[in-house]
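Construct the complete structure from the given sequences, taking the supplied hints into account.
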Amino acid sequence: MSLEAKTMDAAFKALADPTRRLLLDRLRERNGQTLGELCERLEMARQSATQHLDVLVDANLVTVVRRGRQRLHYLNPAPIHEIEQRWIAGFDRPRLQALSAIRSQAEEYAMTETSVSVPTYVYVTYIHASAEQVWRALTDADLTARYWGHANVSDWQPGSSWEHRRADGSEAVDVVGRVLAAEPPTRLVITFEDQPDAASLRDPSVVTFLIEPHQDIVRLTVTHEDLPNEEMLNGISHGWPAVLANLKSLLETGDVLPQAPWDMSRPHA
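Here this note's numbering is used: the first residue of the sequence shown is -13, the next is one more, and so on.
Keep in mind that the hints were calculated from the coordinates and are not lab data.
Be aware that one or more of the hints could be misleading.
Stated by the list, open to error - Below, simulated EDC-like cross-link-like pairs (lysine to aspartate or glutamate); rule was C-alpha separation at most 16 Å, straight line:
no., residue 1, residue 2
1, K(-1), D40
2, K(-1), E29
3, K(-1), E68
4, K(-8), E68
5, K(-8), D44
Given the structure is predicted, the values throughout are model-derived calculations rather than measurements.
Structure, rendered in structure tokens:
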């Protein structure tokens, strides 16, 4: 059985349990909860909650982010996105509107209570590539232009600026920021200002790319925090899965997806 098949099988098995689905619902309502907070809301013993969360983590439906001594649990939309692509998008959508709610629940709202120390959006995907290949894909202008439709331009040194330039020949810049940390090939932290003209009116959001190699694959975790408003959250909740799916396709197959994934309309329940 292929790695992709095993991953999807684990996701289906995890979703089959009503208690685990309830845990995902609670994280959808308020992402980034500790074990204690989840137990309190569900009136569940810590041992039982831990066992269910371990299954969800193993299935990549939940990811854990450490903030100091805390372990914060986040709903990860990547497997749900892959299930939607494999089992829903190719069929007659009107007859499957109820099923499309799966994706909506997992992908639409990843907002937590306001806190500058807690990531407000987390996405995890596994890629059959080396850490060096993923790092290059994130920082090479020509490669980003292929899978993102924008060239990410910078020397990627801490303190340097970076620009997100359109690859349509216009050279228009849609996002700007600064490099806060660069530790090739495992960690890149940048500020992300999607309204360059209004950058001085608000603090920029912050994106962290964490690349963790394991034998022939890497786990890429993207956290996007300090979001200014729900509008931006909705945008990145649709944008990051599409961009990272295209990046994954490019590294694993040598080519991007046949259609730009961000052009797909969102399913409605």
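Against the structure, the hints come out as follows:
no. : hint        : result
1   : K(-1) x D40 : holds (13 Å)
2   : K(-1) x E29 : violated (23 Å)
3   : K(-1) x E68 : holds (15 Å)
4   : K(-8) x E68 : holds (13 Å)
5   : K(-8) x D44 : holds (11 Å)
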